[in-house]
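Visitor: What follows is each chain in one-letter form.
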Amino acid sequence: MPGATDQEFGRPQPDASGHFGEYGGSYVSETLMHALEELREAWSRWRQDEDFIRRLDHDLAHYVGRPSPIYHAERLSAHCGGAQIWLKREDLNHTGAHKINNTVGQGLLAKHMGKRRVIAETGAGQHGVATATVAARLDQDCVVYMGETDIQRQSINVFRMKLLGAEVRSVTSGSKTLKDALNEAMRDWVTNVDETFYVIGTVAGPHPYPEMVRDFNAVVGREARRQMLDTHDALPDALVACVGGGSNAMGLFHPFIGDTDVAMYGVEAAGNGLDTGEHAASLCAGRPGVLHGCRTYLLDNDAGQITHTHSVSAGLDYPGVGPEHAWLKDSGRANYVAINDTEALEATESLTRLEGILPALESAHAVAYGMKLAADMRPDQVVLVNLSGRGDKDVQTLASIKGLEL
Amino acid sequence: MSGRIDQALGARRSAGGKALVPFITAGDPHPDWTVAIMHALAEGGADLIELGVPFSDPMADGPVIQLASERAIEKGVTMSTVLDMVAAFREQDDRTPVVLMGYLNPVERLCQDGGATAFAERAAAAGVDGLLLVDCPPEEGDALHEALNAAGIDNILLVAPTTSDERLQKLCAQAKGFIYYVSFKGITGANRLDATTMSAPLARIHAASDLPVLAGFGIRDAESAAAVAAHADGVVIGSALVEALEDAASSEEAAERAGAFVASIRRALDNEG
Chain C
0 MPGATDQEFG RPQPDASGHF GEYGGSYVSE TLMHALEELR EAWSRWRQDE DFIRRLDHDL
60 AHYVGRPSPI YHAERLSAHC GGAQIWLKRE DLNHTGAHKI NNTVGQGLLA KHMGKRRVIA
120 ETGAGQHGVA TATVAARLDQ DCVVYMGETD IQRQSINVFR MKLLGAEVRS VTSGSKTLKD
180 ALNEAMRDWV TNVDETFYVI GTVAGPHPYP EMVRDFNAVV GREARRQMLD THDALPDALV
240 ACVGGGSNAM GLFHPFIGDT DVAMYGVEAA GNGLDTGEHA ASLCAGRPGV LHGCRTYLLD
300 NDAGQITHTH SVSAGLDYPG VGPEHAWLKD SGRANYVAIN DTEALEATES LTRLEGILPA
360 LESAHAVAYG MKLAADMRPD QVVLVNLSGR GDKDVQTLAS IKGLEL
Chain G
0 MSGRIDQALG ARRSAGGKAL VPFITAGDPH PDWTVAIMHA LAEGGADLIE LGVPFSDPMA
60 DGPVIQLASE RAIEKGVTMS TVLDMVAAFR EQDDRTPVVL MGYLNPVERL CQDGGATAFA
120 ERAAAAGVDG LLLVDCPPEE GDALHEALNA AGIDNILLVA PTTSDERLQK LCAQAKGFIY
180 YVSFKGITGA NRLDATTMSA PLARIHAASD LPVLAGFGIR DAESAAAVAA HADGVVIGSA
240 LVEALEDAAS SEEAAERAGA FVASIRRALD NEG
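As you go down the protein sequences, you meet chains C and G in turn. When you number the first sequence by numbering that gives the first Met the number 0, it's gap-free, plus one each residue, and the end is 405. When you number the second sequence by numbering that gives the first Met the number 0, it's gap-free, plus one each residue, and the end is 272.
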């Protein structure tokens, strides 16, 4: 499939055992080793199958609504007074975010592997909704694990998943957020491994997930690259995308890795500030370790216990990050920065009022950094921001921050 | 190669008996009680003690051990303090082997201070005989495995019902001390044990390795221990024991409960053998 290999864009990653430099790998219990092997074999077979690719391309076009446009945010650009800000409109996809690019692919793979049951973890609920959506269409049983805290702050998405026929299981262990939902999904997988396909929603987890989820999302970067060349005759000067686990950023960045003139910025959640300890910026403020099946940057204490994170956006509230981002950081190819809650909320307001686009709180982190970056650049330069999701799911959070009841 | 593990399990096997391995979460219900509980386990008839190192994200564990880990972490238990507990246990018991069971990240963090070799040497000096890291298959973590090997600590490997024949051969070639057979597809403490299905998988492992094979996950009491021991060289009991100690009011009470629990299983295994 297009983008399944990055050889035309640069150095191929990961290696055969799923390592991006020293990161990645398969740090899982013995019971899952066989399931991962089975998945790797299936993925390497179907990714080259013409019917599979045709079906995937069809679904991306007619079900997801691809290609998503790129949009010149002229008023936002003028407001910042520097470079031109363009938005890759992943918010216009079916279900409202980039997450569906991946679940359409994994759902189809599950079907080809004969798995009738799919499970997923979710933070903001976008990946849960995207999984439940595809499961409904493919007639698969679907269970979504979600932290109790996230269930409370993303109640609209919880209800959407239920409407779609999924069972949402509340996770009450640990910090009751995304990392704990991932633990619980892993426990389900190890228990029901024969009949279950685990649809991981980000570019983390054991091999082959980081590579596979990246490749399903790389359609974002491939389209954006072509669209910029078509409309502009040039590539953008900089790419900006938010990073929780990092799937929308990896999808955008990947096809540009070989374009070394294009700067890349991954934007993490600084929460209440990097110096407060209440944030989710594993690349900016963490260190390498092992969590959820891969070696990567993570947030932990001196004893190696994973620490609780904070972000106003549930989708970025995760103490790890995809291993390819760890590798891109160390190699210097991509830059990782952080935006705090207040800045993200201000950017939400700016984009909504100036362009009539309500971004997801996750994507608002990218918008906020894109605005900062653009302000210091020339008007003839271009910053492409991945608007990874729409903010409909966040209206209750926004209302409660303003002290309003809906 | 750890002398204590081979000696203890070898002695039990040559006497025609079945090995009994209790698991407790280090520091639960209270960090100051763990050493006394370990002594009671040894006196009650444990052939080897598995000491769980608490981790914030125990993906392979069921709710009982998850909660025990959370309680221990809240009370300040770390990989470092667990090593101190083993050293304290060794002051009075130089015979019962101790295997630490846990997850990789807390080990890595300790390794970062002085490298894998310093960690392995410190663990060996404390009296640790083996290390079982649930999320570190032999394909990963080479430096750690080499350091453990050099320090004489066995890297204990798991075999699961899903392990392929090809992989089983590979695992058995690297295994040391004993092989831990995961009784079913699932998490610790789950109610999925069916001893009647365990004959074939255990025969498969015995054909591939001369090491003792101990089965764990889901063994709750004397009856299930005896049923599993009919096929395995021994059993590991964790969640049920952790649960039994959970609301003990004092070190003495916890130790007494631990000793009685292990003794009841010991009797059942001896009758079965």
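Keep in mind that the hints were calculated from the coordinates and are not lab data. Where hints are given, some of them may not hold.
For the chain G half of the interface with chain C, some residues (derived, Cβ under 10 Å), not all of them [as the list claims (entries may be wrong)]: (1) Gly61; (2) Leu66; (3) Asp83; (4) Ala87; (5) Arg89; (6) Gln91; (7) Pro105; (8) Asp134; (9) Cys135; (10) Leu170; (11) Ala189; (12) Leu192; (13) Met197; (14) Leu201.
Backbone N, C-alpha and C define an ideal beta-carbon position, used for all residues, glycine too.
Visitor: State for each hint whether it applies.
Guide: Right, here's what the structure says about each hint:
1. Gly61: Given a least distance of 8 Å, the restraint on Gly61/G holds.
2. Leu66: Given a least distance of 8 Å, the restraint on Leu66/G holds.
3. Asp83: violated, 13 Å
4. Ala87: violated, 19 Å
5. Arg89: violated, 22 Å
6. Gln91: violated, 27 Å
7. Pro105: Where the cut-off is 10 Å and the nearest Cβ of chain C is about 4 Å from Pro105/G, the hint holds.
8. Asp134: holds, 5 Å
9. Cys135: holds, 6 Å
10. Leu170: holds, 8 Å
11. Ala189: Status holds, d = 7 Å.
12. Leu192: At about 13 Å, which exceeds the 10 Å cut-off, the nearest Cβ of chain C leaves the hint on Leu192/G violated.
13. Met197: Violated, about 15 Å.
14. Leu201: violated, 15 Å
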